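Trainee: Starting from the structure of chain A, add chain B where the hints point.
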Amino acid sequence: MAQPILNKENSKYVLETKDLGIYYGDFRAVTSVNIPVKRHMITAIIGPSGCGKSTLLRAFNRMNELFTGTSIEGEVLFEGENLYDPSVDPVEVRYRIGMVFQKPNPFPKSIYENIAWGARIHGFKGNMDELVESCLKQSALWDEVKDKLKQSGLALSGGQQQRLCIARALAVQPEVILMDEPASALDPIATLKIEELMQELKKNYTIVIVTHNMQQAARVSDYTAMMMLTNRETHTGTVIEFDDTKKIFTNPKDKRTEDYVTGRFG
Amino acid sequence: MNNRDEGSMLRKTFENEIQQVKDDVLMLGSMVEQALINSVESLKKRDVKLSEKIFAEDQEINKKRFAIENQLMVLIATQQPMAHDLRLLASCMEIISELERMGDYAKGIANINIRMGDAPLLKPLIDIPRMAQIGVDMLHHALTAFVNEDVEAAQSIPVQDDEVDALYNQVYRELMTFVIQDAKTIERANWLLWVAHNLERVADRVTNICERTVFIVTGEMTEIKSTDDEFWHQQNQKT
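From first to last, the protein sequence lines stand for chains A and B.
Each step along the first sequence adds one to the number in our numbering, with nothing skipped, and position 79 is 79.
Each step along the second sequence adds one to the number in our numbering, with nothing skipped, and position 36 is 36.
Okay, chain A solo, but in the shape it has when bound:
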């Protein structure tokens, strides 16, 4: 990745989209998105199924490119620099902007290796034991696994696996963590643990979360982007309202947001 991007704090927002449109081949999935992602804040993306929430989230770390035929229009700025500039290495982007998925997907390796592996590949030269401990502590998993670091990551419970995946994302020292429905496969207690963890993590990282669970968005996020299909025939989605989460859930401006958050529109 080009050097200027490392100049943190240079730009007002960590991430920002400028008239962003995302295509799968000829199909325009998302159009005209202009939202900021603020530093050390949790930004939630909500909206009905199929409106492009995950597509938008994946555009933040160029994950869409893993599917063939995707393209974008407009810009995604990361620390003020265009993420899609030809000089930018998408692999580097994904280290700086990590991702946690809906289903916990630890590597079929030990808990220790799950964290160490990415860091090693990324050229980490420091004390690996310390890094593993620090990441597991940050993801609130250390106390539960410190005596069994050699055990397989897959032997953990679903909630623990998800926190392991978060620890793994932290190991390469990202600035941003993207979360795509990180708790939808978890029980309520494990869900609350992830939500509490997010509040801790935002002190050091910036988080963007996609969630179907509106109460979760209301509980955890500082800002909320409401997405909806702009055109039912073409199935193109966009952000119809972006605001302070408190505002979105108590007094949204857009009637469609009101209908969605009050459950009148599914």
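Honestly, the hints are just simulated from the structure, not real lab data.
Please read these numbers as outputs of a predicted model, since none were measured by experiment.
Please note: incorrect hints may appear among the correct ones.
Claimed, not checked - Keeping only pairs whose Cα atoms sit at most 25 Å apart, straight-line, the calculated DMTMM-like set for lysine to aspartate or glutamate is:
no., chain 1, residue 1, chain 2, residue 2
1, A, 38, A, 26
2, A, 246, B, 223
3, A, 255, B, 149
Mentor: The following block gives chain B in isolation, referenced to the frame of chain A:
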């Protein structure tokens, strides 16, 4: 007005429960209206039996308020209301407590009638029943505006508070004249002043209900200005 019909099928049960709450708030409101009218009537006629009945009925008002409060809690806990629904349910919580306090004013007036025993009224009641009538009318209109979510109506009702304040001042001056002429009337004057004060407070609380209606619809938490505020403002500018 409320035009939330489209798409409301999705939450039919919740919609019905919200309607039920609104109906119950209206019911509580009419119990309070009746109590206020009866309280002044009982004083006017020096009808102690009626005053005692108001005491008993205040228990019913309190019970009804607790029942609605409980209903609201259950809805908030089970339905996770958002946006307009949340503002409505939270405001109902506020409105029922205003209504319950108005019921207490009626009980206070009944209490005075009982306490007065055989002592005759210091003066025939003219302005006080008038105050009660305006207060009850205001309350009635405020609750109608609440149910219809009519912001314009809600904002216009508090203007009548000025009329109630003017009557209160009139009653006050009149009673003071009695006291100055004959200091022995002080207790009887004080009783009536207390009654007038209770009625004056009813109108103030109606204003609070109107403010909630505006909040439910617009999401704006603002005070509806009355001439009391203007007076205060002018006084401050003088000094």
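Trainee: Now, for every hint given, state plainly whether the structure supports it.
Mentor: Hint-by-hint comparison with the structure:
1. A:38 - A:26: 32 Å, violated
2. A:246 - B:223: Status holds; Cα separation ~22 Å.
3. A:255 - B:149: 17 Å, holds
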